[in-house]
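As you go down the protein sequences, you meet chains C and F in turn. Oh and the first sequence: position 116 is 116 in the UniProt record's numbering, straight run, nothing missing. Oh and the second sequence: position 238 is 238 in the UniProt record's numbering, straight run, nothing missing.
If you are wondering where the hints come from, they were derived from the structure by calculation, not from laboratory data. Since the structure is predicted, the reported quantities are computational estimates derived from the model, not experimental observations. Beta carbons: idealized from backbone N, C-alpha and C, even for Gly. Among the hints, erroneous ones may be present.
Said to hold, decoys possible - If you anchor each label on the Cβ, the simulated ranges turn out as follows:
(1) F:L297 x C:G394: 40 to 46 angstroms
(2) C:A390 x F:L297: 41 to 47 angstroms
(3) C:A69 x F:E387: 56 to 62 angstroms
(4) C:P153 x F:L430: 36 to 42 angstroms
Stated by the list, open to error - A few chain F residues facing chain C, derived, Cβ under 8 angstroms:
(5) R149
(6) N157
(7) V180
(8) A191
(9) E193
(10) W248
(11) S351
(12) T393
Protein chains: 2
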Amino acid sequence: MNWWHMDETHDPALTSWVPDADGHADFPIQNLPFGVFSPADGRPRIGVAIGPMILDLAACAQAGLLPSATAGLCTAHTLNGLMAAPAQARVDLRRRLSQLLSQPGERASLESWLYPADGCRLHLPATIGDYSDFYVGIHHANNVGRQFRPDNPLLPNYRYVPIGYHGRASSIRPSGEPLVRPAGQRKPPEATEPVFGPTARLDYELELGVWIGEGNPLGTPIPIDRAGAHVAGMCLLNDWSARDLQAWEYQPLGPFLAKNFHSTISPWVITREALAPFRIAQPPRPADDPAPLPYLLDPDDQAHGALAIMLEVLLTSAAMREAGMAPLRLSRGPASNMYWTVGQIVTHHASNGCNLNPGDLLGTGTISAATRDGFGSLMELSVGGKEPVALPTGETRTFLEDGDEITLRASAAADGFVPIGFGECRARVLPAP
Amino acid sequence: MNWWHMDETHDPALTSWVPDADGHADFPIQNLPFGVFSPADGRPRIGVAIGPMILDLAACAQAGLLPSATAGLCTAHTLNGLMAAPAQARVDLRRRLSQLLSQPGERASLESWLYPADGCRLHLPATIGDYSDFYVGIHHANNVGRQFRPDNPLLPNYRYVPIGYHGRASSIRPSGEPLVRPAGQRKPPEATEPVFGPTARLDYELELGVWIGEGNPLGTPIPIDRAGAHVAGMCLLNDWSARDLQAWEYQPLGPFLAKNFHSTISPWVITREALAPFRIAQPPRPADDPAPLPYLLDPDDQAHGALAIMLEVLLTSAAMREAGMAPLRLSRGPASNMYWTVGQIVTHHASNGCNLNPGDLLGTGTISAATRDGFGSLMELSVGGKEPVALPTGETRTFLEDGDEITLRASAAADGFVPIGFGECRARVLPAP
Chain C
1 MNWWHMDETH
11 DPALTSWVPD
21 ADGHADFPIQ
31 NLPFGVFSPA
41 DGRPRIGVAI
51 GPMILDLAAC
61 AQAGLLPSAT
71 AGLCTAHTLN
81 GLMAAPAQAR
91 VDLRRRLSQL
101 LSQPGERASL
111 ESWLYPADGC
121 RLHLPATIGD
131 YSDFYVGIHH
141 ANNVGRQFRP
151 DNPLLPNYRY
161 VPIGYHGRAS
171 SIRPSGEPLV
181 RPAGQRKPPE
191 ATEPVFGPTA
201 RLDYELELGV
211 WIGEGNPLGT
221 PIPIDRAGAH
231 VAGMCLLNDW
241 SARDLQAWEY
251 QPLGPFLAKN
261 FHSTISPWVI
271 TREALAPFRI
281 AQPPRPADDP
291 APLPYLLDPD
301 DQAHGALAIM
311 LEVLLTSAAM
321 REAGMAPLRL
331 SRGPASNMYW
341 TVGQIVTHHA
351 SNGCNLNPGD
361 LLGTGTISAA
371 TRDGFGSLME
381 LSVGGKEPVA
391 LPTGETRTFL
401 EDGDEITLRA
411 SAAADGFVPI
421 GFGECRARVL
431 PAP
Chain F
1 MNWWHMDETH
11 DPALTSWVPD
21 ADGHADFPIQ
31 NLPFGVFSPA
41 DGRPRIGVAI
51 GPMILDLAAC
61 AQAGLLPSAT
71 AGLCTAHTLN
81 GLMAAPAQAR
91 VDLRRRLSQL
101 LSQPGERASL
111 ESWLYPADGC
121 RLHLPATIGD
131 YSDFYVGIHH
141 ANNVGRQFRP
151 DNPLLPNYRY
161 VPIGYHGRAS
171 SIRPSGEPLV
181 RPAGQRKPPE
191 ATEPVFGPTA
201 RLDYELELGV
211 WIGEGNPLGT
221 PIPIDRAGAH
231 VAGMCLLNDW
241 SARDLQAWEY
251 QPLGPFLAKN
261 FHSTISPWVI
271 TREALAPFRI
281 AQPPRPADDP
291 APLPYLLDPD
301 DQAHGALAIM
311 LEVLLTSAAM
321 REAGMAPLRL
331 SRGPASNMYW
341 TVGQIVTHHA
351 SNGCNLNPGD
361 LLGTGTISAA
371 TRDGFGSLME
381 LSVGGKEPVA
391 LPTGETRTFL
401 EDGDEITLRA
411 SAAADGFVPI
421 GFGECRARVL
431 PAP
């Protein structure tokens, strides 16, 4: 069972009896992402998003409507069990859900288990054992590197190593939960000593998240031609960053407190089954770049390992909100700006025998385009704080102010298929205490 | 309830009816560390080490012998619940165990729940949510820095920031479990391109581990005068490192695959109650060094925040083992070579609001002495591979060979108190697959 599994659930002619599901920007019946939600008066449970509604999978399982191999896993309070399930079992569950939500005859039995998403609380979909973040957005690496090393922005290892590092699992939060502006040490360029206080350079980072499904035992690498089978799905990830803390602390062991105060993810797991129609060829490397080392090179991964996903970042300041203005789009660009594929980062991560577990989360790193309209952070858009971004209120931003809200969105599209979206990854900045 | 809690459990005159407990190098009755063990024929359960034996706390709890506030927590399969318990509840449990194991009248009822440690398997004591590693061994930082920057070994942030980074929780293993030599990318100095294969520079790192007890909510820092209350106990930590992978991958985001293939910890949690008699003053900083910033500075932490613990590293090669030779001591030095206290690293970690949880593990970073006899890694002892270390077989080592076994040991001592030890942190290197 490979990532490429295509079946009747991807049929563009498929429609749902759920009102407003057909044509829904994020969650038409061809998507069927999994998540964990609470209705207004209820406890957390597993659900699937369909249009503006959420179907309670625990109720479906208890009513005997789901395949026996996964019904028990659907009554859990996290998706870890489903993520660990064999791929065939997840495919069978998806096909069953596609039937239930498309066949009008099922409406009467399911309708009472549908909840309007607007009235529900979305939780983290899984218990995240370990969270690792990569750096595969080559334009981001170039843009950031250029601010430090104008003539030589990319370090020598970049084109060989899918650079990554470990992040903090405990402070990952679902969309909607506000973040508190963090304090920390920063050293103003003209100062002789650092000061401690709230960050003055709070930034967002536009990333994709990768949910690990099947794990690998410690000491056992994952071959590149099997990497896709270890991916359960994807989400959006905002890797909030305090740039002044980062600049002062990061040598020699990398970012720490500049990143681990809060990370926001979109709460729906867009499954690799749902993403199958949107795989595309990895863009060819520039002629001067080395080929990936053999352990990272697989013809199928090169031919189909990238994803046709468009990403965008929206900002709403407090003043914009009060004036009833629409969010300002700060950037928009394709996920094909990733220098390494999802398969390559999974294989690299396990290449030393490091064990990945179901529910682990990998971040891609900031995905920027080559041009300013696709830059994935304010550090890039404002060129390190030197070129303010104009807001429709007349305000400007170099970095984020209290009350600012950042929303990440993504959608996958391919000729002949119904586009699907990731839902929102959104959070507002609260002042330092 | 602060770290300084001293009571009758620390009385040097206290003795145990358990054979060979009195005078035991690691686990006299004044220690009473907690762990999770399986008898030869049984399932994992919580126990306390006493001399060469382990007392089954689940059995004691079920028999109604333990205080009601913690009895239920003692029947769990990990220590996370006990670590999260209020400090007073843990103190009460310790006092009860001290009574049970010292009063000869208790022997008849407890004897059947004592297991020889030699016949038991020790597990990880807790489910580790997040693992962070620091860099507080200033001589280690100097030694390593000197290999790259002879004139300026310490970076400008070192004396202000307790430098740390996130590590991998999934690959932490208890003492005794062998590690597999990892593969990875390394770039020989004379080569134009990196190669992929087993590391040629496998090293150990001598560290202390800090177990977090009570956590802090996201967004809420831990003041330095409360840091001790968030520490449940300590252990030994071997942060196995592949130096050739590390040199090639670590810029700009820090070590990743060079470290996350395996970390070994000693399985007994030496509680902060047990360590109370061994607190000492933090050594004064050199006159030219800046004072810690106010958020890291507390008079009590400066006066009593260091620990009188001696650390040592032992090596046994396969040839030494076959010849029946004793392990070779590679180094020995005091934990007071930490530039920052345990309280300072806890407070710094949470200073941006990052939430720590019960069962999280913090590593101190390699603790080296100023002189060669106390260097905590082979990279330091062999000066980056240039000066081989002689073994009693006539073999030499610059880095570790397959079959080598590294054992870390530690003991705390203070005038007027019975010394206590940490038990072994030991693992053997298996060849790459």
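Hint by hint, here is what the structure shows:
1. F:L297 x C:G394: 40 to 46 angstroms: With Cβ atoms ~44 angstroms apart, the hint holds.
2. C:A390 x F:L297: 41 to 47 angstroms: holds (43 angstroms)
3. C:A69 x F:E387: 56 to 62 angstroms: holds (60 angstroms)
4. C:P153 x F:L430: 36 to 42 angstroms: 41 angstroms Cβ-Cβ, so the 36 to 42 angstroms window holds.
5. R149: Interface hint status for F:R149: violated (10 angstroms vs cutoff 8 angstroms).
6. N157: holds (6 angstroms)
7. V180: Holds. Min distance 4 angstroms.
8. A191: violated (11 angstroms)
9. E193: Since chain C brings a Cβ to about 7 angstroms from F:E193, closer than 8 angstroms, the hint holds.
10. W248: Hint holds; F:W248 Cβ to chain C Cβ min 6 angstroms, cut 8 angstroms.
11. S351: holds (6 angstroms)
12. T393: violated (28 angstroms)
The structure fails hints 5, 8 and 12 (numbered hints given earlier, in ascending order).
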